[in-house]
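Peer 1: Each chain is listed here by its residues.
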Amino acid sequence: MKKPERRQSMAERRPSVSVIPHLAGLEKPQDHSLKLDHCDVLILGTGLSESILAAALSWQGVEVLHIDGQPYYGDHSSTLTVDQMKKWSSEVNQGKIKHFKDAQVYIPGGKSTNKFNSKDYGIDLSPKVMFAKSDLLSLLVQSRVYKYLEFQSLSSFHVFENDNFSKNISSTSTKGDIFTDQSLSLVTKRYLMKFLKFVLQDNNDESKLKIIKENANTSIEDFLSKTYKLDTPQINELIFSIGLCNKPNIKTPEALLKIKRFLVSFDVYGNFPVMVSKYGGPGEISQGFCRSAAVAGTTYKLDTSIIDFDPESKVAKFNDGSAVKVNEKIVISPTQIPKFLNTEYQDLISSKNLPVYNITRLISIVKRDCSEWLSEHESSAVVVFPPFSLPTENAEAVQVIIQSGNSGVCPVGQSIWYSHTTEQNVDKAKDDLQAAFEKMEASILRESSTADLEDVLDEKDFIMSAQGTPVLVNSFKLGKSLQNFVPKDKLEIVCKIGYVQETLIDPSLSNILNASESNNISLADCKDSQDIIFTNMPTSELSYDGVVSDCKLLYSRITGTDDDFFDVDFEDDDEDDEYSSKTGNQARGSVPTASGMNHNDNDNAIADSDDDEDHHEPFGADEMEL
Amino acid sequence: MSEAAERFAQFKLVLLGESAVGKSSIVHRFVKNTFDNMRESTIGAAFLTQSVHLAESNTTVKFEIWDTAGQERYKSLAPMYYRNANAALCVYDITSRSSFSKAQDWIKELKKQAPEGIVICLVGNKVDLKDEREVDEQEVAEYVEELNQEQSSAGAPAGKVILAECSAKSGDGVLETFNVIARALPVEDAVGGARNRQLRNKRSSGVDLSRGRQQQQSQAASSCC
Numbered sequence: 001m002k003k004p005e006r007r008q009s010m011a012e013r014r015p016s017v018s019v020i021p022h023l024a025g026l027e028k029p030q031d032h033s034l035k036l037d038h039c040d041v042l043i044l045g046t047g048l049s050e051s052i053l054a055a056a057l058s059w060q061g062v063e064v065l066h067i068d069g070q071p072y073y074g075d076h077s078s079t080l081t082v083d084q085m086k087k088w089s090s091e092v093n094q095g096k097i098k099h100f101k102d103a104q105v106y107i108p109g110g111k112s113t114n115k116f117n118s119k120d121y122g123i124d125l126s127p128k129v130m131f132a133k134s135d136l137l138s139l140l141v142q143s144r145v146y147k148y149l150e151f152q153s154l155s156s157f158h159v160f161e162n163d164n165f166s167k168n169i170s171s172t173s174t175k176g177d178i179f180t181d182q183s184l185s186l187v188t189k190r191y192l193m194k195f196l197k198f199v200l201q202d203n204n205d206e207s208k209l210k211i212i213k214e215n216a217n218t219s220i221e222d223f224l225s226k227t228y229k230l231d232t233p234q235i236n237e238l239i240f241s242i243g244l245c246n247k248p249n250i251k252t253p254e255a256l257l258k259i260k261r262f263l264v265s266f267d268v269y270g271n272f273p274v275m276v277s278k279y280g281g282p283g284e285i286s287q288g289f290c291r292s293a294a295v296a297g298t299t300y301k302l303d304t305s306i307i308d309f310d311p312e313s314k315v316a317k318f319n320d321g322s323a324v325k326v327n328e329k330i331v332i333s334p335t336q337i338p339k340f341l342n343t344e345y346q347d348l349i350s351s352k353n354l355p356v357y358n359i360t361r362l363i364s365i366v367k368r369d370c371s372e373w374l375s376e377h378e379s380s381a382v383v384v385f386p387p388f389s390l391p392t393e394n395a396e397a398v399q400v401i402i403q404s405g406n407s408g409v410c411p412v413g414q415s416i417w418y419s420h421t422t423e424q425n426v427d428k429a430k431d432d433l434q435a436a437f438e439k440m441e442a443s444i445l446r447e448s449s450t451a452d453l454e455d456v457l458d459e460k461d462f463i464m465s466a467q468g469t470p471v472l473v474n475s476f477k478l479g480k481s482l483q484n485f486v487p488k489d490k491l492e493i494v495c496k497i498g499y500v501q502e503t504l505i506d507p508s509l510s511n512i513l514n515a516s517e518s519n520n521i522s523l524a525d526c527k528d529s530q531d532i533i534f535t536n537m538p539t540s541e542l543s544y545d546g547v548v549s550d551c552k553l554l555y556s557r558i559t560g561t562d563d564d565f566f567d568v569d570f571e572d573d574d575e576d577d578e579y580s581s582k583t584g585n586q587a588r589g590s591v592p593t594a595s596g597m598n599h600n601d602n603d604n605a606i607a608d609s610d611d612d613e614d615h616h617e618p619f620g621a622d623e624m625e626l
Numbered sequence: 001m002s003e004a005a006e007r008f009a010q011f012k013l014v015l016l017g018e019s020a021v022g023k024s025s026i027v028h029r030f031v032k033n034t035f036d037n038m039r040e041s042t043i044g045a046a047f048l049t050q051s052v053h054l055a056e057s058n059t060t061v062k063f064e065i066w067d068t069a070g071q072e073r074y075k076s077l078a079p080m081y082y083r084n085a086n087a088a089l090c091v092y093d094i095t096s097r098s099s100f101s102k103a104q105d106w107i108k109e110l111k112k113q114a115p116e117g118i119v120i121c122l123v124g125n126k127v128d129l130k131d132e133r134e135v136d137e138q139e140v141a142e143y144v145e146e147l148n149q150e151q152s153s154a155g156a157p158a159g160k161v162i163l164a165e166c167s168a169k170s171g172d173g174v175l176e177t178f179n180v181i182a183r184a185l186p187v188e189d190a191v192g193g194a195r196n197r198q199l200r201n202k203r204s205s206g207v208d209l210s211r212g213r214q215q216q217q218s219q220a221a222s223s224c225c
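If you read the sequences in order, they're chains C and P.
Be aware that the first sequence starts at 1, since it is given in the UniProt record's numbering, and climbs by one per residue.
Be aware that the second sequence starts at 1, since it is given in the UniProt record's numbering, and climbs by one per residue.
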């Protein structure tokens, strides 16, 4: 409201700023208490949104002080070692970490039988995968934060159905064969083709708009079966594996956007729709943005929390004994809310009647590389259990990200299974996750177990092919035995971690994508002081969708607009030139810079409805053959 | 591009040390051969790169240099900073005793956080201010000696703490320091690695976003119809 004019950008301020080094003369390095007397914006919590915000603000010349109550980066989306995870869990159960509950850590065996090095693991509290065409990816490139990170492709998506896993995408997939069952009838193929063309059509196309409007309240399941006459297997694949939706009754417009983001992400960087960052997901990306923010002048101090804020004098006091005048706003992550603001926060939630959503997670670290589920040369995969596919009659999908040792999150030969569900009944959710774990356990044991098959099959079941290799004739016997397979082996487990996270963000992300003062706490005014802004907990989304939009809401609230969000010209900075010689670091004018990036890309991948013409269609409907 | 016999190796080097000892100045002298008395405390958006050529093995060693960006001030360096670091330049100011003891703390921190086998170079900056010297060369040498012995008696991989002094202001010793580090690095293991990262990526299904970006743009340009 009373926001002054836009501050000059960092680049504009640089010439004058550079005369006096930031904090010069004030600091005794590695000090235990903060040695600065003011900042423009104080951010509490180094989660992903908050870290992107810190970087965005400081590159526009805003002086940011960024602190975290924990001794590590990432806050509610951190990447932790096993030991950190144990400590975190006990703090959750003691009520010290808000918005998480029911934390359990199970480490089987004694120290002698279950030996592992805690530091070899990077466990994400809020694991996510990134679509190749998405706003976060564009931002990573535009901000150059991607240079601090390594990305790996993910092309294997498995759907659990009829007690079995089918795989619909792999690194060898081509545009035509994203569907498991290649023996589809001609009619089905034609309808499928028609549907995919429809999805990929320009969202502003009048005929498409009309159909979307007509089906605004139709569930995607009905839409696919009625309008496109598709059968359950294809419908399930489209909704749960390609669309990564949680429920079959998701409204058509939302589901269509989700299906589309998958299709347009294919072939952007290669034959895969999704990527993961190495060594950890949001926790790693937060660190990257914090580093970017630090380069632009943000001051960082971990293991520090606020103990008082006076709305009149705008002075914040910290538990290290220091005090800082905050010129503009304080941004507070829900896990970092100080005692003196607790009531304020709760009142805000109840006055707006904001529903709280549960996300239940089960993370299992297993001593298997799970290569059976991974595409060649890859180290991550997604497994989806559609609704009612588990013995627990799960009402919502269970989504699992599998990451093996080569993704840097655990030792080679092991893997981490991150499963979660948005089932709101927490007890039910835990049962669903455990059931999904058991299905995966049984599957990995039987797929990797060759010894047991020998007991089932005898020589008569094989014939020799012309090349002299044995061919199985009695597949019925094999299939039956696999259905009733009782593993002799046991899956060795390093540890299992379960917890429940709360968020005020609807699983459909509707209150980020159509945020208002009445549905999103970040836009709501705090009674105590208009200078206090609360952020949101991570969403239940498997992808990073919503993160950048969420961040822009915060940015706009602080600066008045998001027009200059990361509008930074990095031209003068070093471009990693592979063949630079001794003097090769100068003279590089032609490098594509942030200003050359397509700003439309910043619109949320789900939300965007008008950017079709600016982009190629990697998954071109016209070339598509089924 | 390059002559057939010339070899490339790329390494990540991280800076450490108390604020205001001249970490960034050393890098600026090395990379841009300039010195700015009143430098801002940060450099660049990502990291700087500079290469040295080792004539004896006809190898170009390229350093990817990560600055602390001020995150060292309150000990807030992220795990990402140390990850895959091949070398660390631990800087103190020869005119400040306390900066030398802080440098020793940073070496302890490195032993905890950094990958095994990292090459550590302990470098005293500001030798142009000889008259104000507070840190005795002999004392530093003894400390490093002790450190290296400790390391070898602990059975750890060959301890490689290198000792150097320089002046970012005059430029004395800067290039030499990086040359010594380059020679101490496992160049043989990393040869071919001007494209290390890409090779690594290829093996582990890594995605090169900078390449994708160009590709993305050219595709967008050609298929906009």
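Any given hint could turn out to be false.
Here are the computed lysine-lysine pairs in the DSS-like style, where the Cα-Cα straight-line distance is at most 27 angstroms [to be verified]: (1) P/112 / C/115; (2) C/86 / P/112; (3) P/111 / C/119.
Over 10 angstroms on every C-beta distance to chain C, these chain P residues come out as not near it, computed from the model [unchecked claim]: (4) 5; (5) 67; (6) 71; (7) 74; (8) 107; (9) 134; (10) 137; (11) 144; (12) 146; (13) 150; (14) 164; (15) 179; (16) 184; (17) 190; (18) 208.
Derived from the structure by calculation, the hints contain no laboratory data.
Virtual Cβ for every residue (Gly too), placed ideally from N, Cα, C.
Peer 1: Could you check the structure against the hints above and give me the numbers of any it violates, in ascending order?
Peer 2: As far as the earlier hints go, 5, 6, 7 and 18 are violated by this structure, in ascending order.
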